[in-house]
Structure formats: C-alpha cells, structure tokens
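**Student:** Model the placement of chain B on the given structure of chain A, informed by the hints.
There are 2 protein chains.
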Amino acid sequence: MEQYKSSEARIEEIKYLLANKNLDELPDLLNRTNPVDIVECIEDLSAEEALVLFRLLKKEDAVEVFAELDQSDKEKLQEGLNEDEFKDLLEDLNFDDMIDTLEEMPATMVQEILKTSDSETRDLVNEYLQFPEDSAGTLMTTEFVEVTADMTVAETLAMLEEVGKDKVTVYTCYVTDGTHKLLGYVSLRMIVTREPDTKISELMYEDVIYVYTTDDQEDVAHTFQKYGFTALPVVDNTNRLVGIITVDDIMWIIEQEDTEDFQRIAGTTPEEEDYSRMTPWQLAKNRIPWLMFLMISGAFTSTILRRYEDVIQTVIALNMFIPMLTGSGGNAGSQASTLVIRAMATHDIEPRDWAKVVIKEITVGLICGVALGAVAFLKCYFFDKVAMNVALVVALTILAIVVLAKAIGALLPIVAEKLGADPAIMASPLITTIVDSLGLIVYFNIAQAILPGLGI
Amino acid sequence: MEQYKSSEARIEEIKYLLANKNLDELPDLLNRTNPVDIVECIEDLSAEEALVLFRLLKKEDAVEVFAELDQSDKEKLQEGLNEDEFKDLLEDLNFDDMIDTLEEMPATMVQEILKTSDSETRDLVNEYLQFPEDSAGTLMTTEFVEVTADMTVAETLAMLEEVGKDKVTVYTCYVTDGTHKLLGYVSLRMIVTREPDTKISELMYEDVIYVYTTDDQEDVAHTFQKYGFTALPVVDNTNRLVGIITVDDIMWIIEQEDTEDFQRIAGTTPEEEDYSRMTPWQLAKNRIPWLMFLMISGAFTSTILRRYEDVIQTVIALNMFIPMLTGSGGNAGSQASTLVIRAMATHDIEPRDWAKVVIKEITVGLICGVALGAVAFLKCYFFDKVAMNVALVVALTILAIVVLAKAIGALLPIVAEKLGADPAIMASPLITTIVDSLGLIVYFNIAQAILPGLGI
Numbered sequence: 001m002e003q004y005k006s007s008e009a010r011i012e013e014i015k016y017l018l019a020n021k022n023l024d025e026l027p028d029l030l031n032r033t034n035p036v037d038i039v040e041c042i043e044d045l046s047a048e049e050a051l052v053l054f055r056l057l058k059k060e061d062a063v064e065v066f067a068e069l070d071q072s073d074k075e076k077l078q079e080g081l082n083e084d085e086f087k088d089l090l091e092d093l094n095f096d097d098m099i100d101t102l103e104e105m106p107a108t109m110v111q112e113i114l115k116t117s118d119s120e121t122r123d124l125v126n127e128y129l130q131f132p133e134d135s136a137g138t139l140m141t142t143e144f145v146e147v148t149a150d151m152t153v154a155e156t157l158a159m160l161e162e163v164g165k166d167k168v169t170v171y172t173c174y175v176t177d178g179t180h181k182l183l184g185y186v187s188l189r190m191i192v193t194r195e196p197d198t199k200i201s202e203l204m205y206e207d208v209i210y211v212y213t214t215d216d217q218e219d220v221a222h223t224f225q226k227y228g229f230t231a232l233p234v235v236d237n238t239n240r241l242v243g244i245i246t247v248d249d250i251m252w253i254i255e256q257e258d259t260e261d262f263q264r265i266a267g268t269t270p271e272e273e274d275y276s277r278m279t280p281w282q283l284a285k286n287r288i289p290w291l292m293f294l295m296i297s298g299a300f301t302s303t304i305l306r307r308y309e310d311v312i313q314t315v316i317a318l319n320m321f322i323p324m325l326t327g328s329g330g331n332a333g334s335q336a337s338t339l340v341i342r343a344m345a346t347h348d349i350e351p352r353d354w355a356k357v358v359i360k361e362i363t364v365g366l367i368c369g370v371a372l373g374a375v376a377f378l379k380c381y382f383f384d385k386v387a388m389n390v391a392l393v394v395a396l397t398i399l400a401i402v403v404l405a406k407a408i409g410a411l412l413p414i415v416a417e418k419l420g421a422d423p424a425i426m427a428s429p430l431i432t433t434i435v436d437s438l439g440l441i442v443y444f445n446i447a448q449a450i451l452p453g454l455g456i
Numbered sequence: 001m002e003q004y005k006s007s008e009a010r011i012e013e014i015k016y017l018l019a020n021k022n023l024d025e026l027p028d029l030l031n032r033t034n035p036v037d038i039v040e041c042i043e044d045l046s047a048e049e050a051l052v053l054f055r056l057l058k059k060e061d062a063v064e065v066f067a068e069l070d071q072s073d074k075e076k077l078q079e080g081l082n083e084d085e086f087k088d089l090l091e092d093l094n095f096d097d098m099i100d101t102l103e104e105m106p107a108t109m110v111q112e113i114l115k116t117s118d119s120e121t122r123d124l125v126n127e128y129l130q131f132p133e134d135s136a137g138t139l140m141t142t143e144f145v146e147v148t149a150d151m152t153v154a155e156t157l158a159m160l161e162e163v164g165k166d167k168v169t170v171y172t173c174y175v176t177d178g179t180h181k182l183l184g185y186v187s188l189r190m191i192v193t194r195e196p197d198t199k200i201s202e203l204m205y206e207d208v209i210y211v212y213t214t215d216d217q218e219d220v221a222h223t224f225q226k227y228g229f230t231a232l233p234v235v236d237n238t239n240r241l242v243g244i245i246t247v248d249d250i251m252w253i254i255e256q257e258d259t260e261d262f263q264r265i266a267g268t269t270p271e272e273e274d275y276s277r278m279t280p281w282q283l284a285k286n287r288i289p290w291l292m293f294l295m296i297s298g299a300f301t302s303t304i305l306r307r308y309e310d311v312i313q314t315v316i317a318l319n320m321f322i323p324m325l326t327g328s329g330g331n332a333g334s335q336a337s338t339l340v341i342r343a344m345a346t347h348d349i350e351p352r353d354w355a356k357v358v359i360k361e362i363t364v365g366l367i368c369g370v371a372l373g374a375v376a377f378l379k380c381y382f383f384d385k386v387a388m389n390v391a392l393v394v395a396l397t398i399l400a401i402v403v404l405a406k407a408i409g410a411l412l413p414i415v416a417e418k419l420g421a422d423p424a425i426m427a428s429p430l431i432t433t434i435v436d437s438l439g440l441i442v443y444f445n446i447a448q449a450i451l452p453g454l455g456i
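In order, the protein sequence lines correspond to chains A and B.
Numbering-wise (UniProt numbering), the first sequence opens with residue 1 and increments by one.
Numbering-wise (UniProt numbering), the second sequence opens with residue 1 and increments by one.
To be clear, the hints were calculated from the coordinates, so they are not data collected in a lab.
Mixed in with the good hints there might be a few duds.
So these bits of chain B aren't anywhere near chain A, every CB distance computed over 10 Å [claimed, not checked]:
(1) Thr-108
(2) Met-109
(3) Ser-276
(4) Ser-334
Among chain B residues calculated to face chain A with C-beta under 10 Å, some are [said to hold, decoys possible]:
(5) Ser-201
(6) Met-204
(7) Ala-284
(8) Arg-342
Chain B is nowhere near these chain A residues, computed Cβ spacing over 12 Å in every case [what the hints assert, rightly or not]:
(9) Glu-49
(10) Asp-177
(11) Asp-261
All residues carry an ideal CB built from backbone N, CA and C; glycine is no exception.
Pulled out of the complex, with its shape left as it was, chain A reads as follows:
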C-alpha cells in the first residue's frame, strides 16, 4: 500500500535530517507526518535525538505522540524534560492517557505531581488509579459531552460550540438527568437536522447499551464488536455516567487480547511488550516455566514405557509406531482445543454448552479416527510389512486416541473457563502431554488384548 511506503520513507527522512542536525526542514516535515508515524520514529532514536525531535513538535502533536508511546519510550523522554515541561505535557493529555502515564510511574512521583494540581483533579486521579487492572474504568475518558434531557437542540449546539474542542467525540452526546443518571443518547446527526427548540428528551434513544467501570476490557471489546459502536458510555455501580470508551482504544485491546491468547496457546506467559522489543532473557523467562512443567509431566510417559517394557521387548515392532500415535493424538487434541478456545473467546459458544460441544467433538473424532485408522492399517500392513494383527492394533489405537484427544481437547478449556481460569492455558501443550500418556496406556492394552503371547 502506498501510504506504508510513503510513511516509511518519511520516517527515514526524519531520521536522516536529525542525524545531520538539519533542524530547519524538520518542523514542516513533522507537520505533514501522522503522529503514529512519529511514534515509530521515536522508538528507533536515542534519548537525545528523541528529545530534540519531541521539542520540535507542535504542542497538539506532541501531546498525541506522547500518549501513543510505549512506557520505555515515555521514560526516555521524561528524563530529558524538565519538571515544568513534563507537568504541562501531563495536563494537556486526555484524561485517560494521563492516567495511563501516571499508572506506570512510581507512587512518590505521582504524589509529587499531584501536589500542585487542584483538589478536583487529585480526587479524580486517585479514584481512577483504584479501578481494577484491565477494567473499563482504566480505559475510559472523562472528556465526553453530557447533556440533560430538558435541554433544547439550540442549547445543546451552543454548548458543543463552547466545549466541543476539548472532548474526544462530539458526535454522540450522552443524556442524563440532574444526578448524572444515564437516560439515553443523541447523535450530532440527529441534532443538526431538528428545530432549535426541540427538547433532547424527545430525540434521544433510550435503548442505550453501556458498560460498568469494573467490567473487564475483554467483555467491553466484545460489546464493541457485537454492536459495531464507535463509543460506549461507562457507568458506576449506581448507574451514574462517569466516562466513555472510544473504538480506537478498543482496536488496540482486541489486538492485545488476541495476542495473549496466541501466547497462552503457545505455552508462554503472556506479555504486553512487543516480541521485537523483548530480550532473549525475557522471552526465555516467559517460556521456561511451561517447558519445564511439560517436560516433567511428560516423564509420565517414561514411567508408562518402563512398565510395558516386556511388551515392547516381545513385539519390538510396536515400538516404532509410538511417535506417530502420540503425534496424531496431540494434533487431533490441539485442533479441538484451539477451536473451542477461540469459539469461547468470540462468545460463539458458552461454558453452558459443554455437553453439546463434547458430543460434537466425539462425533468428529469418530469420523477422523476411522479415516486415519484405515490409512494407518494399510500403511503398517503394506508399507511397514508388519503382521496383520499388529497393523490392527495400530489402527484401533489411532481411532481410540483421536476420539479421546478430541473429547479432552474440547472439555479442558471449558472446565478452565468454568473454574475461572483462562481457557487458553489448556491449549495444545498440556493436552498433548495428557493425550500422550493416555494414548500409550490405550496402545499397550489393545496390544495385550489382540496379540498372542503378551498375557495380561
């Protein structure tokens, strides 16, 4: 896409001008560059260069750029800015961006900054800092337009002209009674096409969908996706309107939540930091616990193999199919678990559907198992040239393992959800380990039942 190329070229040009201390052309170039691209540029710069660049930005761009920076880049700038500059910057940030910045700072520094703020701001900040992590309260902004039901269209438009420029959106106005209780909403589009003396109460939609300050951001994102809104009102536990959340913040949450699910499915500790910015040590730290846990629990398979050592010694041909059998079980199980985890994340299925899902997966397992078993039989008998009854043991085991893996793969994420754990931790690696052990037991038992001379 052209704008990618051009934005990359522009970033390179900015870096080139900075490196050559050619500061005359920079302000104009920065002016023509989207703040998001300037953020990308700052990520690559040294603390000194970043500061030079930052001070060349127009005030409104500087505020937007700072809000979008990662914590480590914010700190890079913060160290270079003097106290007054930083305080000015904080005050110009949207309220939610200011809170985000304060949240990451040491408490003593926050208190230092708040000392000079007015008491209203101080109270509001302290209230915000107490919302649960990743809740709607931490996402919302207080810069929304609130109108009361008894206002007229003319009064509303006059108010918008006065306060509109400090609000994150003027396209939806939220209607409350005198005590901030949420009654409905009106869109700017509805207002501008009506007579000036029409009352807001006559225009407003009352069927308003809202979220609570304590709702988890994942549920908020789901509400946005479901209804396709560009903004949602946030109320406290007494249904008073306290903020709004806008769709641009939510797109980022959706990406982050999906990334977390990918990380959990991969068996690593979720991390908000981008992959490209993490050191090998951080990456290893997030991965070792699961690898270790899985290696140690995988030792069950050693115990099982040792227990059936005499079976293997008697029919050595059985041994060579073990990786194929456990591999197929693992694959079948992770197909089921990943699809079920995703279906729960998108609210396509709910935990209460567990019986339906398990029955469906067992049916799928039977279909897949018969197909795989048939091919495995032919392959073992004609290609590996083992005895027909050994081929039969392998085929029956494939069928049993696939059905078992599908059922376990479907059930575990649902159980995790019901227990209040994240279903994604029940993904492929753990299921593979469980299915490996069960699969081996099934294999040797079928072998003992079918093959002569293995005696039970």
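**Tutor:** Using the frame of chain A, we list chain B on its own:
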C-alpha cells in the same frame, strides 16, 4: 454485564411471544431491541417463525437486521419473501451490504434481479462483483459524503442536510477535485465551528491516509488499528475516490482474520462459518487433510526408530525418554513459531528481519535448553536411576533439540511469508513433525558418540 443479561432475557421473551402467537406485543418489544439482538434471535428460529418476526420489523430495522444475518439465515428468509418484497429489501440495503448479499447468490438470480435496476446501478454492481475476494473493494460502501475543494462551509452544510441521512457517516467528508481525485478530508466538527463562507480548501487536512480497492482486507485492518481511524477512503488505481470503509466492518474483519490464524495454527482448514453452526462432518472434513498429512509424514519417525533398532536393543533405557524428548522439542518449537506468526500478523516484525529473529530464537533456545537439560539430567540420574552417561545423553539431546526447534520454529513461518504462503500454516503441528524426526536422529547420534559399545 447487565446489557448481556437484559438482551438475553429480551431474546427469550421474543421467542416466547412468537411461539404463543402473541403478535400484539411484539412490534413494541422489537422496537426497543437492538437489531444485533434480533439477528441472534432469528438464528434460533424456524423459517416460518423467522419470516413472521421479520415482517413485524420497522423497515429501517428490517434492513439492518437482514444485512447482519449469516448467509444461511438470509436464505431462510429469502425463500419466504416474494420477489417484490425481496427486491425492495435489496434496494434499501447499504450498497456494500447489497453486494455482500448478491455475491452469495447464484449468478442467474443476480442477473434476474439486476434486469429491473437502472443501468448505473447495474454497472456499479458488476464492477463491485469483480473485486478480488477479501479486498478493500468488497468491503467499501459508496454511501459517503464527497465535497469539492472549492465549496464553502455553508454549501457543505446545506448539502449534508439534504443527502446526509443516506450516508453511512457524515462526520468525515472527503474532498476531491472536479475529477474525483482525492485531495484531503474535513471533519464535521471542523466545519460547524467555522464561518459559513470559508472555503473547504482552507480547512481540509491534506495528509490523508487511504487504501486501494485491491488491497487485502488484512492490510486494511492493520491500517485502521495503526492509526485509530473510524473511516478510511478507498481509491482506484488512478487515485480517484470510489468508496469508504468504516470501522464497524473492520472490527468484524479483525476477529475473522485472527480466527483464521487460530484455525491454521491448530492445523485445520480455515472456515468463515462459526464453530457452533458447523456440523461434525464439516469439522471433520476441515481437519482430516492435516491429520492425515501429519500422520503420514510422522511415519518418518518409524523409519528412524527402525534404523536405530539395534541401539535401542542395546541400551533399552534410551527408549523410555523418547516421548519426553520429542514432546519438549515440539513444545519449544511451537512457542517460537506461534509468537513469530503473531508478531508478523501484527506487523511487529517483517520478513526482512529474519536473521535477527532466528539469532534471537537460537539465543532463547540456548537459555531454555541449558535450564531444561540440567533438570533432565538430575531427573534421569536421581529419579529414573539410569547410568550417568545415559543421563548425559538425554540432557545434551534436550539442549540440542530445544535450540533446533526454536530456530526451525522461527524460520519456517518467515519462509512461508516470503514465499507468499500464509505463515500460520507453518505452525505447531508441522514443526512438531519436523522436530520429532530431527530430534530422534540427534538423540541416537549423541548416544552413539557418548555411550560405549554402540559403535558408529
């Protein structure tokens, strides 16, 4: 969240009233229900009940509900509606929704419907139907506000009052020259606060970010996420403005693209249909090809095990660690591949970074491998009570397998991307199979090098 509960209760109430043929109270209840919830309701109804419900909807709600329905539910209604009803409905749909509906219909039926349309619509529809699948062209709508640079604020507002209600958004107006060439954009917010005789050319932002009709929807979604827009203009290859895409359609694309990545990582054919609506046969059909491919390629491991049969016979203790070793390799590899796949999907890393990523993963592999190897040594020696040199073989193999798995896990998705394939197909199952085979070869070679009497 309360609105979930209340929307579910409302859906149940609608179904109850329908089942009891109590049609007097329904219109009012439907009026107070969000169309998205009515869609959920229709999904659960029989064709007859769905039709009764659909005919009770206000026209504007009916249009919105129809646009949101799945293909199978659309067909459910379509069969019951007479030809005129259906044509009226199609005409009232937003242009992009109409195209979506037509795309899924048999070509003969589309021609039948277009016969009575005016030639302008017919040409436009035929043009739309030719855009590549999943391109920006198929997502865009033509109901946007276009103004020319020489118009004044007053003229723009007058135009908005006249045509505004048929446009998907009036909050951003796109500025073109006389030949529809895109010059910039203005927001309604900027317009309403300016003098009536101000020229649009004085107000407009020229630094406009746009996409091409042929751009893939995944790239479009990425542009939305990166810049946080609520709408993006779409231009043809001569830079003429032909449509816009709005954020509500993109939220759905993001969910769908992420779901596809989850499905591919799980080793199943991607499917647009929701999990809950697929039959076991469909699910099995999407899963069997991969399971079969992996089972057959997993047969390499049988060949390798057979080749080293004498090694196993000589030191039978080696055999019992095989599942643990291959399991750890598979886990280590899928951690790397899943994280790399996700980082490429979010454009955190690009294929040109391949060397950096592989070096990083090898470093991570060394750290993880040393930690796992040390624990494996202790476990084998003290817990499984094998000879010290056997424990050493296992520990060294773990280290080698983990490093190998990380490198392959990082490299394969990047190679896939460079070859123009989807990186997600290079995920866990395929990597597991490759790592299993390589791991076994490494294991037996290390054993032959260290253990006496195995002779190379």
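**Student:** Would you check whether Arg-342/B satisfies its interface hint, that is, whether its CB is within less than 10 Å of any CB in chain A?
**Tutor:** At 4 Å from the nearest chain A Cβ, Arg-342/B passes the 10 Å test, so the hint holds.
**Student:** Taking C-beta pairs only, is Thr-108/B more than 10 Å away from all of chain A?
**Tutor:** Since the minimum Cβ distance to chain A is about 33 Å, Thr-108/B lies beyond 10 Å and the statement holds.
**Student:** Using the nearest Cβ pair, does Ala-284/B come within less than 10 Å of chain A?
**Tutor:** Hint on Ala-284/B: holds, closest Cβ of chain A at ~4 Å, below 10 Å.
**Student:** Quick one: work out the minimum CB distance from Asp-177/A to chain B and report holds if it exceeds 12 Å, violated otherwise.
**Tutor:** The assertion about Asp-177/A holds, with a minimum of 18 Å to chain B.
**Student:** Check the non-interface label on Ser-276/B: least C-beta distance to chain A beyond 10 Å or not.
**Tutor:** For Ser-276/B, whose nearest Cβ neighbour in chain A is about 5 Å away, the distance does not exceed 10 Å, so it is violated.
**Student:** Does Glu-49/A really sit off the interface, with its C-beta more than 12 Å from all C-beta atoms of chain B?
**Tutor:** It holds; Glu-49/A is separated from chain B by about 22 Å at its closest Cβ, greater than 12 Å.
**Student:** Confirm or reject the statement that Asp-261/A sits farther than 12 Å, beta carbon to beta carbon, from all of chain B.
**Tutor:** Not fine: 8 Å to the nearest Cβ puts Asp-261/A too close to chain B.
**Student:** Was Ser-334/B rightly flagged as not at the interface, with every chain A Cβ beyond 10 Å?
**Tutor:** Violated: least Cβ distance 6 Å, not greater than 10 Å.
**Student:** Let's test the interface hint: is any C-beta of chain A closer than 10 Å to that of Met-204/B?
**Tutor:** With a minimum Cβ separation of about 13 Å from chain A (threshold 10 Å), the hint on Met-204/B is violated.
**Student:** Would the least Cβ to Cβ distance between Met-109/B and chain A come out above 10 Å?
**Tutor:** Answer for Met-109/B: holds, closest chain A Cβ roughly 28 Å.
**Student:** Identify whether the interface hint at Ser-201/B stands, where standing means a beta carbon of chain A within less than 10 Å of its own.
**Tutor:** Constraint on Ser-201/B not satisfied, violated at 17 Å.
The structure does not agree with the numbered hints 3, 4, 5, 6 and 11 stated previously, though it agrees with the rest.
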